[in-house]
Amino acid sequence: MNARAPEASRPNLPLEFQDPRESLGILGFWFFLASDVVLFSCLFAVYAVYHGRVAAGPTPFQVFDLGPVLTETLLLLTSSFTCGLAIFMMRRGSTRGLSVWLLVTLLLGMAFVGMEVHEFAGDILRFGTWHKSAFLSSFFTLVGTHGGHVSFGVLWAAALVVRLWRQGLTPGTARRVYTFSLYWHFLDIIWIFIFTAVYLSGKIT
Amino acid sequence: MAHLLALFFPPSVLRPAELATDAGILLGGAAIVAWLTWRRRWAWLWREWITTVDHKKIGIMYLLFAIVGLMRGGVDALMIRTQLAMPNNTFLGAEHYNEVFTTHGTTMVFFMAMPFIFALFNIAIPLMIGARDVAFPKLNAISFWLFAFAFLLFNMSFLVGGSPNAGWTAYAPLTELHFNPGVGENYYLIALQITGIGTIATGVNFLVTILRLRAKGMTLMKMPLFAWSALITSSLVIFAFPALTIALALTMLDRLFGSTFFTIAHGGMPMMYVNLFWIWGHPEVYILVVPAFGIFSEVVATFSRKRLFGYTAMVGSLIAISLLSYGVWVHHFFTMGAGAAVNAFFGISTMLIAIPTGVKVFNWILTMWGGRIRMTVAMLWQLAFIPTFVIGGATGVMLAVVPGDYQFHNSYFLIAHFHNVLIGGVVFGLFSGLYYWWPKMFGWMLNERQGKWAFWFFLIGFWVTFFPQYLLGLKGMTRRIYVYPPGLGWSTLNLVSTIGAFAMGAGFIILVYSILYSWRHRQPDLTGDPWDGRTLEWSLPSPAPEYNFAVLPRADARDAWWEMKRSGSCGKVSAVAVGPIEMPRRSAVPFLLGLSFFVAGFGAVFSFWTIALFGMAGVIALLLSGWFDEHDHHEIPAEEIRRSQAALGRFES
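In the order they appear, the protein sequences are chains P and G. Residue numbering for the first sequence follows our numbering, starting at 1 and increasing by one per position. Residue numbering for the second sequence follows our numbering, starting at 1001 and increasing by one per position.
Hint data in this document are derived by calculation from the structure and do not stem from the laboratory. Here the structure is a predicted model, which means the values were calculated and not measured. A couple of the hints might just be wrong.
Away from chain G, derived, C-beta distances all over 12 Å, residues of chain P [said to hold, decoys possible]:
id, residue
1, Pro11
2, Gly84
3, Gly97
4, Ile204
SDA-like cross-link-like pairs, simulated, lysine to any residue; straight-line CA separation at most 20 Å [claimed, not checked]:
id, chain 1, residue 1, chain 2, residue 2
5, G, Lys1216, P, Ser23
6, P, Lys132, G, Ala1249
7, G, Lys1056, G, Gly1443
8, G, Lys1572, G, Gly1528
9, G, Lys1138, P, Pro171
10, G, Lys1138, P, Pro20
11, P, Lys132, G, Gly1258
12, G, Lys1138, P, Ser23
13, G, Lys1452, G, Thr1376
Note that beta-carbon positions come from the ideal geometry of N, C-alpha and C, so glycine has one too.
Let the hints inform the model, and build the full structure from the sequences given.
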């Protein structure tokens, strides 16, 4: 790769930006997120068209139960805050603080995924599978894709903690933590849209 | 066991044509294995090619697959034309015909044009912008191997399990399980999904490469036009391909997991698929043709010995085309019934694209104006492209006239139009680029005289094939019919079209023969600058060394190498300026990752979920192993670089 000598070291930048190669990775990750925005946009569009097409199945109003969804929302928003704290600790050079807050983020993420799986299982038991209607198909796919992203993020955070424990805070690890945090906040934003466009609007009759 | 045999080998894969291909592949495969063993080339293959992360070698591998794809898609095309040559022909049955036109279109778009474009990006872009590699070399290799194994998976379909048969667009509800049992469509959905992941990664890779790794002094507005076209293409890729991902994924969920996105009975809508597909599909057209525009902009300037006319307008029109391309998708289905206002919007936005495209055509012509034109093969393709593409574009504007489209829609007029732009634009461009950059890839030239034969056969064959198809469309012949009765006035035109198709096939065979001939009777390119080029790749020896540039260049003007030559520099470096160079280390992970995706994909195609999970576990394990590997770079010592540069005669004396 192209480690261009004159900018090889940029000590007044945060650790993950100091090495030009790692900094390339951050830019690349932003482009990946841009592409993921389009992915979710398509799923939102499909849901927007299908949310009223319930065939013989249940309506959004019948399916959604806002209590647990609000708890899920709070769990995920809190995890975004703890993820911010992890980056704050990384900026201060504290590997231990970073690991601890990453672990907290990871646990909150797991709790979120667990609640969502529970919610989905309950929906299926009460209303049947997504075969029932286009609405159910698009609902499970949109929310499930987000949940799948969160699950992947949980695995990613776990691998980060292992890496921190084995290799300490290198520029490579710092870049991976930073891109993880971008990913995690991005999922938070997607969830806000899901909460509003799917759950809250579904409860308006 | 009997059940498995029936699943793997349904009657549709036991037809004589398929069995003959089976035999051919087995014999060919055995011959390659025997050759590799006899010449003791296995280690070489593994070390130099399979595990490489060098963009130049990855480009060559893309090219190899693209040419194989061109052959497969081309044979499909000839089978289609043979069936249609005469009324009431019985060469292919209805189902066989459906399979052949499906694999023809899919192969040509995903397994010929896309890899051909990525081949030229990989070979030329880093050299043109003065970089040592792409931004993420290992990711680049991963993209390639995902593509290569998807290619393999897709092409396996007609030997094991059965071909997809719902057209390259795979419209619902024709692809729904109820109407289309069997595994053919699964192959289509999963193979395209795998190569799509690689394509998005390539888009990200080239965006970052071009934005961050340009030579010092090379501002965006000093980049060669081909680099601009790669930048625009990459941005189109990352914003368009996710829509295809979703269209394919939802169809797959419907088929394999019982969701109801496109089944009308449960509130789903087939038109949802069509919209998603073309939200990707129309930008995809520009993903294919914008690189060709870039190639022509390089070729026309080099062989007219003039700087490109209207550089700023060329860049502006590329950007305009890329933005407009997102707002035209409904023109693929004006007959959906969206209403006059919607159709008028999309009709007008489609016509608007003709404006920036026209700007480009005039700029190419004005670049030639007053230039000293050399009639090389690369330039001939450029000269053939301009009138061909203009006619294809004009019939596109005819199709954009909504009331007219209600008549032309899905007739052979449409078929003729899109082959006119996709062959006349994309394929001509790729052939031009192939001849132009070939010496840079391999260090020897392609035979020009044979290249001209191939050119004339292909060009004349092209017009003989497709001009009659415009007339057939106006006479009411619709696409995808496999047989027609005599007496409709179609017979002669169809026969002429078929003769043209075989002439194009002859052109392709001459081209392949010419490559083999030029390889045997090598005419080496010792200067590294055989065309008296203008951009930085021609400042390097052919082929370029692993590290590309011993000393990274400065580019203070457009046509940087041309300016250097004018100021008396001759591409040599001073020995004292050479320092050690850090390069990425070769890796087996990309190949194994492709293999794991292949296993997972194969499992999913047949719903063998254990195999699929096994493949996905491999994917995760490989990602983790790569992720923990900090030693993915190695340093080439300055002494070694001095030695290799001295051997190439590249030192100032």
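Need the list of violated hint numbers for this structure, in ascending order. none
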